[in-house]
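Engineer: Using the sequences and the hints, build the whole thing.
Protein chains: 2
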Amino acid sequence: MRELREPLQQLAECGLPTALEAMGERWSFMILRAAFNGVRHFEEFLSEISIARNILANRLTRLTESGILHRTPCPDDRRKVEYRLTKKGLDLLPTMIALRQWGEKWGTGVLSNPVLVDDRDRQPILPVTIRSHDERVLGHMDLCWMNSADITPINADTHEVDDRVRKLSAI
Amino acid sequence: MRELREPLQQLAECGLPTALEAMGERWSFMILRAAFNGVRHFEEFLSEISIARNILANRLTRLTESGILHRTPCPDDRRKVEYRLTKKGLDLLPTMIALRQWGEKWGTGVLSNPVLVDDRDRQPILPVTIRSHDERVLGHMDLCWMNSADITPINADTHEVDDRVRKLSAI
DNA sequence: TATTATAGGTTTCTATTTGCAACTTAAATT
DNA sequence: AATTTAAGTTGCAAATAGAAACCTATAATA
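These protein sequence lines are chains A and B, in that order.
So for the first sequence, our numbering puts the first residue at 23; every next one is plus one.
So for the second sequence, our numbering puts the first residue at 23; every next one is plus one.
Do not rely on the hints blindly, as some may be mistaken.
To be verified - Pair ranges (Cβ atoms, derived):
1. B:63 <-> A:100: 50 to 60 angstroms
2. B:144 <-> A:100: 55 to 65 angstroms
3. A:110 <-> B:43: 21 to 31 angstroms
4. A:35 <-> B:171: 42 to 52 angstroms
5. B:74 <-> A:83: 21 to 31 angstroms
6. A:101 <-> B:103: 48 to 58 angstroms
The set of hints was computed from the structure by calculation and includes no laboratory data.
Since we're looking at a predicted model, the values are computed, not measured.
Glycine residues also receive a C-beta, built at the ideal position from the N, C-alpha and C atoms.
Structural biologist: Printed below as a string of structure tokens:
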């Protein structure tokens with residue numbers, strides 16, 4: 023980010039306000055976390071999170087409206103409703119993990135247990151970081167803003183990393 | 023995350039509530055974004071963000087109290103106060119970028135410009151992802167929870183990636 | 001079949017938070 | 001000395017959050 027300041031009139035146009043409109047309300051991230059942990063029903067959310075009924079109802083509606091959750095009445099028990107993460111909702115996982123890791127790192131030294139591991143090798147995941155196109159880990163001093171028109175395109179096919187990322191986000 | 027559900031009683035103990043306590047209020051992320059873009063003074067925040075004076079004052083105090091911003095009276099102009107990101111605040115960059123990228127990807131197809139690039143090669147950064155200890159990009163189906171006591175330690179020295187990350191977060 | 005329990009809400013009312021506008025205080029500029 | 005700037009504070013109205021009771025449809029139980 024350095025000395026280069028993002029053109030400030032355009033600050034309003036970035037993705038952050040959009041994201042906050044969907045996820046900026048109180049409890050939204052907690053509901054999301056529960057959903058990632060397999061929670062699917064109203065009463066289940068209610069008992070996992072210490073949230074008021076009406077607020078939960080409101081948030082679930084809003085998360086559904088914004089396409090983060092999908093609401094389906096259960097065919098087998100018609101009292102029940104299933105809330106499931108959509109692709110859009112699942113795509114919030116990096117954000118959520120990043121936020122959570124930050125909380126763990128800087129919070130009151132509660133060493134978190136259990137820990138998130140890669141199912142394949144059972145090793146803890148890395149801290150979420152910002153990476154250059156060739157996967158180098160970047161700090162905030164390594165970043166700057168550029169007009170997208172001024173960027174020299176590189177041949178993405180020669181970069182299998184980009185492919186992996188593209189493939190992942192196309193699930 | 024798969025079928026393995028995080029022990030739910032322990033849901034309360036993860037880093038997310040901590041993080042949300044500091045960053046969960048309305049405007050906090052917008053203030054953070056402004057700070058990352060070099061905004062440092064009260065009136066400057068006020069003109070960049072469409073926030074009310076009293077709310078801004080309140081948020082700046084709270085962000086300062088939670089150690090995300092550092093507040094210093096300016097020596098050269100003693101009316102002014104400087105708010106600067108601390109290390110703890112800077113460490114929120116991956117979270118913020120992840121959130122922003124999500125907003126850009128799923129928001130109303132406003133192709134964002136300017137774009138964040140690596141200062142070194144002027145190429146756009148990658149989408150923020152979750153990675154295994156050996157840098158593989160992981161999706162939510164690749165993750166599971168494990169008791170930290172049950173994890174087989176690997177020799178971190180043989181993994182230069184971990185070193186890079188460790189070095190970065192030690193700035 | 002009648003009764004009770006469960007699931008997923010809604011309603012009502014109160015407390016807290018947000019937001020606007022005006023005011024304040026100290027320091028710098030003209 | 002008068003004005004402007006910076007960083008707040010105060011007072012008040014509107015919006016939002018939260019607790020508790022209530023409601024409706026369905027399912028399970030006696």
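Engineer: Does each hint hold? Answer for all of them.
Structural biologist: Structure-based check of each hint:
For the hinted restraint 50 to 60 angstroms between residue 63 of chain B and residue 100 of chain A, the CB-CB distance of approximately 58 angstroms keeps it satisfied. With their beta carbons about 57 angstroms apart, residue 144 of chain B and residue 100 of chain A fall inside the hinted range of 55 to 65 angstroms. For the pair residue 110 of chain A and residue 43 of chain B, the beta carbons lie near 26 angstroms from each other, so the given range of 21 to 31 angstroms is met. For residue 35 of chain A and residue 171 of chain B, the Cβ-Cβ distance of about 48 angstroms falls inside the hinted range of 42 to 52 angstroms, so the restraint holds.
Between residue 74 of chain B and residue 83 of chain A the CB atoms are about 28 angstroms apart, so this pair conforms to the stated range of 21 to 31 angstroms. The hinted range of 48 to 58 angstroms is satisfied by residue 101 of chain A and residue 103 of chain B, whose Cβ atoms lie roughly 56 angstroms apart.
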